[in-house]
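Working from the sequences, and respecting the hints, build out all of it.
Top to bottom, those sequences are chains A and B. Numbering that gives the first Met the number 0 puts the first residue of the first sequence at 0, with every later residue one more than the last. Numbering that gives the first Met the number 0 puts the first residue of the second sequence at 0, with every later residue one more than the last.
Keep in mind the hints are simulated off the structure, nothing from the lab. As the structure is a prediction and not an experimental result, all values here were calculated from the model. Where is the CB? At the ideal position from N, CA and C, for every residue including glycine. A few of these clues could be false.
[Said to hold, decoys possible] One-sided and incomplete, this derived list gives chain A residues near chain B with beta-carbon spacing under 10 Å: (1) Y26; (2) V27; (3) Q30; (4) Q34; (5) A64; (6) T66; (7) L71; (8) L72; (9) T158; (10) S159; (11) V177; (12) S179; (13) P226; (14) A227; (15) D250.
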Amino acid sequence: MKISVQQLDDLALGAVFLATGGGGDPYVPLQLAKQALRTYGDVTLLNPENLQDDARVITLGGVGAPTVSLELLPSLTEASATLQAWQKHTGETVDAVAAFEIGGANSLLPLIAAATSGTAIVDGDGMGRALPEAQMMSYAIEGVSPSPAVAYDYQGNVTSFSTKDTATYERHIRALTVASGGMLTTAEHPMTGKQLKRAIIPGTLSFAIQLGQLLKQHKGNAEQILPALQELFETSLYGTCRLLSCGKIIDKSTQIVGGYDLGQASIMDFSDTNREIKISIKNEYLLAREGDKVLASVPDLIVIVDYETVQPINAERLRYGQRVAVFAVACPAFFRSEKALAAVSPRCFGFDFDYVPLEEIPT
Amino acid sequence: MRIGIDVGGTHTDAVLMQGEQLLAATKALTSQDVLSGIIQALRQVIQDAAISATQIQSVMIGTTQFTNAVVERRELAPTAIIRMSSPSGEGLPPGCDWPTDLVGAMQLKTYQVNGGYLYDGWPLSPLNQEEIHKVIADIRVSGIKNIAVASAFSPMNPEPEFQVEKLLKTQIPDANITLSHKMGKLGILERENAAALNVALLPFAHKVVSAMLQAIHNEGLNCPMFISQNDGTLMNAQFITQYPALTFSSGPTNSLRGASKLTGLKDAIVVDIGGTTSDIGILQDGFPRESNIVISVGGVRTNFRMPDIQAVGLGGGSIVQDDGLRIGPQSTGHNLVKEALIFGGSTLTATDIIVASGKADIGNARFLQHLSQNTIKNARNTMHALLDQHIDMMKPSSKPVPVILVGGGAILVQDDLPSASQIIRPENAAVANAIGASIAQVGGEAEAMLNYRQMSREAAIAQVESQAINNAVAAGANADSLKLADIEETNIPYMDDGNIKVRVKVIGDIVFASDKGA
Numbered sequence: 000m001k002i003s004v005q006q007l008d009d010l011a012l013g014a015v016f017l018a019t020g021g022g023g024d025p026y027v028p029l030q031l032a033k034q035a036l037r038t039y040g041d042v043t044l045l046n047p048e049n050l051q052d053d054a055r056v057i058t059l060g061g062v063g064a065p066t067v068s069l070e071l072l073p074s075l076t077e078a079s080a081t082l083q084a085w086q087k088h089t090g091e092t093v094d095a096v097a098a099f100e101i102g103g104a105n106s107l108l109p110l111i112a113a114a115t116s117g118t119a120i121v122d123g124d125g126m127g128r129a130l131p132e133a134q135m136m137s138y139a140i141e142g143v144s145p146s147p148a149v150a151y152d153y154q155g156n157v158t159s160f161s162t163k164d165t166a167t168y169e170r171h172i173r174a175l176t177v178a179s180g181g182m183l184t185t186a187e188h189p190m191t192g193k194q195l196k197r198a199i200i201p202g203t204l205s206f207a208i209q210l211g212q213l214l215k216q217h218k219g220n221a222e223q224i225l226p227a228l229q230e231l232f233e234t235s236l237y238g239t240c241r242l243l244s245c246g247k248i249i250d251k252s253t254q255i256v257g258g259y260d261l262g263q264a265s266i267m268d269f270s271d272t273n274r275e276i277k278i279s280i281k282n283e284y285l286l287a288r289e290g291d292k293v294l295a296s297v298p299d300l301i302v303i304v305d306y307e308t309v310q311p312i313n314a315e316r317l318r319y320g321q322r323v324a325v326f327a328v329a330c331p332a333f334f335r336s337e338k339a340l341a342a343v344s345p346r347c348f349g350f351d352f353d354y355v356p357l358e359e360i361p362t
Numbered sequence: 000m001r002i003g004i005d006v007g008g009t010h011t012d013a014v015l016m017q018g019e020q021l022l023a024a025t026k027a028l029t030s031q032d033v034l035s036g037i038i039q040a041l042r043q044v045i046q047d048a049a050i051s052a053t054q055i056q057s058v059m060i061g062t063t064q065f066t067n068a069v070v071e072r073r074e075l076a077p078t079a080i081i082r083m084s085s086p087s088g089e090g091l092p093p094g095c096d097w098p099t100d101l102v103g104a105m106q107l108k109t110y111q112v113n114g115g116y117l118y119d120g121w122p123l124s125p126l127n128q129e130e131i132h133k134v135i136a137d138i139r140v141s142g143i144k145n146i147a148v149a150s151a152f153s154p155m156n157p158e159p160e161f162q163v164e165k166l167l168k169t170q171i172p173d174a175n176i177t178l179s180h181k182m183g184k185l186g187i188l189e190r191e192n193a194a195a196l197n198v199a200l201l202p203f204a205h206k207v208v209s210a211m212l213q214a215i216h217n218e219g220l221n222c223p224m225f226i227s228q229n230d231g232t233l234m235n236a237q238f239i240t241q242y243p244a245l246t247f248s249s250g251p252t253n254s255l256r257g258a259s260k261l262t263g264l265k266d267a268i269v270v271d272i273g274g275t276t277s278d279i280g281i282l283q284d285g286f287p288r289e290s291n292i293v294i295s296v297g298g299v300r301t302n303f304r305m306p307d308i309q310a311v312g313l314g315g316g317s318i319v320q321d322d323g324l325r326i327g328p329q330s331t332g333h334n335l336v337k338e339a340l341i342f343g344g345s346t347l348t349a350t351d352i353i354v355a356s357g358k359a360d361i362g363n364a365r366f367l368q369h370l371s372q373n374t375i376k377n378a379r380n381t382m383h384a385l386l387d388q389h390i391d392m393m394k395p396s397s398k399p400v401p402v403i404l405v406g407g408g409a410i411l412v413q414d415d416l417p418s419a420s421q422i423i424r425p426e427n428a429a430v431a432n433a434i435g436a437s438i439a440q441v442g443g444e445a446e447a448m449l450n451y452r453q454m455s456r457e458a459a460i461a462q463v464e465s466q467a468i469n470n471a472v473a474a475g476a477n478a479d480s481l482k483l484a485d486i487e488e489t490n491i492p493y494m495d496d497g498n499i500k501v502r503v504k505v506i507g508d509i510v511f512a513s514d515k516g517a
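Structure representation (structure tokens):
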């Protein structure tokens, strides 16, 4: 299977839906990805199952502050240069690249690398959504070492890492980002085909394209699209898809605390004005509550869309008065194991309760 | 006394104001050459108020000519863009996402060179003299005289833009240059787009402004002229010849400001109901609330200061369907006077419904006798629900807010709007835009990325404020009258917590020639 330039708008749209409010505006990376595919042609999309056990795969993406990338623009060659720097550093050649996260702009960077360097891309990612930290990736949870890793800055400076674990790597890479002008591209968490098959959330790239297509082509509001969305999610590695509420944002406040956008949004239901849903935000939408009752929580996906057009709304764009719909989608089964929940459960985000899978929560 | 003029696509309106008092108002059709319509409106109000032209202290004009030039791809000079941010952004040249007809109309030539700064003040890459000289030589050979210059993080450190401006002026002495940091906020793509559209309009701006000044002089007025800009404040004639792009959305802004003046309200929602759409905007402390999203002008992403306007497809000419359950967005537009039932046409419009309800006496109500009470009732409910819903979306908070209705379609609202604490229909609502233009205040804005660990928050804000004050004085403000209008602080996620984007806006009274002399 191939990914062509005609599918990129759909991919970006699907990726913003799966970003659950985080991930940033994909406008600039989308322009670069279009140029890359126009210049270098389609990119081969590999089903992870078809990878040789001894194949070499590297994961690739951007680390930094979206606000900085408004001025320090990415370059067309940055992603592929990062890949080359990693190959030079390790003396190995990779057979394919894979994404950190399918949610938001990081779904497009590995695609640019693959196109410009003529490499294949693996259909899948390390999150199935967007999450804020490296140790929350399925690769790290499965025990894949973050290094050898390289970070590449806009000037072509290369820093290599030999780091014990992903939590430490996360701290180091953040510090380097600050010293490098605020944005870096990294190649990290190298894997063999055998490791990758166990550690990747498979099929999410092609799924994001399908999802984007559905969102673009479907005419009608959030309630009307629900059956089609449910069919798509329930026949994928996600699962249950629920429409939690259709209503109006009656309050939204966020502050930046410890490098995160932290806050809450309240939604008053259209059909029952006494019903109020509260969404907790930490870069992404992490928790939906009605009074004390949890309706959905991380690692399951909570997505807020415009009620009329079903276009996903990023957390930084959410504001008072918008008429929205809140969807919840079961996360891939991978994130429900004890090992994964130790990295991504509500408690890892500072909430004082245990994770209950979406489909086990009574409606 | 002062005159406010609003030059719209169809109408040129003028008002003559003495302090808060409206002495005369006129509404004329916009002339083909624009100017003769302005002169006619000027003469009319002076004559109606029975005063001498020499008593006028200033003329304030709101105009859509520059927006229309971009949208219609005319009066645009051949333009070059120099961006200093290499090696970042390679493969993403200036103009790469522009509509091709605009690139053609501006004969756009673009260059990417080294230079610019990082967010923390560290150089992104050093300026390369040889590289810059080659670019300038190429522009000189091409004969392009209008040049936009942008460098990374120039709102924080504009030095590279100044350096290139200096070199350009020596090599191409008659060049028009717009530096991107003068056009505002962070976001280099949007900022360089704004600078490019602005610089392309400079020859046209010189033409328009000198014609306007000449006309005012010929009419015997011996006073300064101001033009209203996007944020509702004014700039002097000299300033607009440098920054015509800052007028791009002055139309809706003037309608909002005029509504504030007509009602005395500082915090309200203004609904301007026309023939096809209702434009809903927010007044906060007497000024329009600005939009946070990227605004496209003629198909180009920009970061202009624009009022946050929600357009709803409901106006006097909106077509009523499904027994009144569906209204608009299709409209008879300016054909309302032919197609609506009350004018003997065959299309049921929103205006017909209001006439059928007995709430307005327009056209011939006998043509409406066949309408069922059910359709009339449904249609009224549909209109009000549609407006109410969108007004509610625009509200800054859940607190009740008064709603000011202006525009010819304001008669559509006859019932209660639950989202409004009260509904106000000011007198002279038809010339709200010209009144908005006549309000004599100017503003200045500045923005920088600073670190509160390197300097105290107070010192940081003071630094940005002094830049905003300089900008306001340059725009014609009396320095003593300036007051702080807004401080906005934004942290940058993932970065050191001390890094803050600080934006400050100050507003003050205009210096009139008579003040200076006395």
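Outcome of the hint check:
Checking A:Y26 against chain B: minimum C-beta separation of about 8 Å stays under 10 Å; hint holds. The interface hint given for A:V27 holds, since its Cβ lies 7 Å from the closest Cβ of chain B, which is under the 10 Å cut-off. Taking 10 Å as the C-beta contact cut-off toward chain B, the hint placing A:Q30 at the interface holds, the least distance being around 6 Å. Taken as an interface hint, A:Q34 checks out: its beta carbon lies about 6 Å from the nearest beta carbon of chain B, inside 10 Å.
Interface hint at A:A64: satisfied, since its Cβ lies 4 Å from the closest Cβ of chain B, which is below the 10 Å cut-off. Hint on A:T66 holds. Least Cβ distance to chain B is approximately 5 Å, under the 10 Å limit. Taking 10 Å as the C-beta cut-off, the interface hint given for A:L71 holds, the closest approach to chain B being about 5 Å. The interface hint given for A:L72 is met, as the beta carbon of that residue sits about 3 Å from the closest beta carbon of chain B, less than 10 Å.
Restraint check, A:T158 versus chain B: the minimum CB separation of about 16 Å is more than 10 Å; hint violated. About 20 Å separates the beta-carbon of A:S159 from the nearest beta-carbon of chain B, more than 10 Å, and the hint is not met. With a least beta-carbon distance of about 6 Å to chain B, the hint placing A:V177 at the interface is held under the 10 Å criterion. For A:S179, the suggested interface contact is upheld, since its CB lies about 9 Å from the closest CB of chain B, less than 10 Å.
Taken as an interface hint, A:P226 does not check out: its beta carbon lies about 24 Å from the nearest beta carbon of chain B, beyond 10 Å. With 10 Å as the threshold, the beta carbon of A:A227 stays out of range of chain B, its nearest partner Cβ sitting at about 24 Å, so the hint is violated. With 10 Å as the threshold, the beta carbon of A:D250 comes within range of chain B, its nearest partner Cβ sitting at about 7 Å, so the hint holds.
When held up to the earlier numbered hints, the structure conflicts with 9, 10, 13, 14 and fits the remainder.
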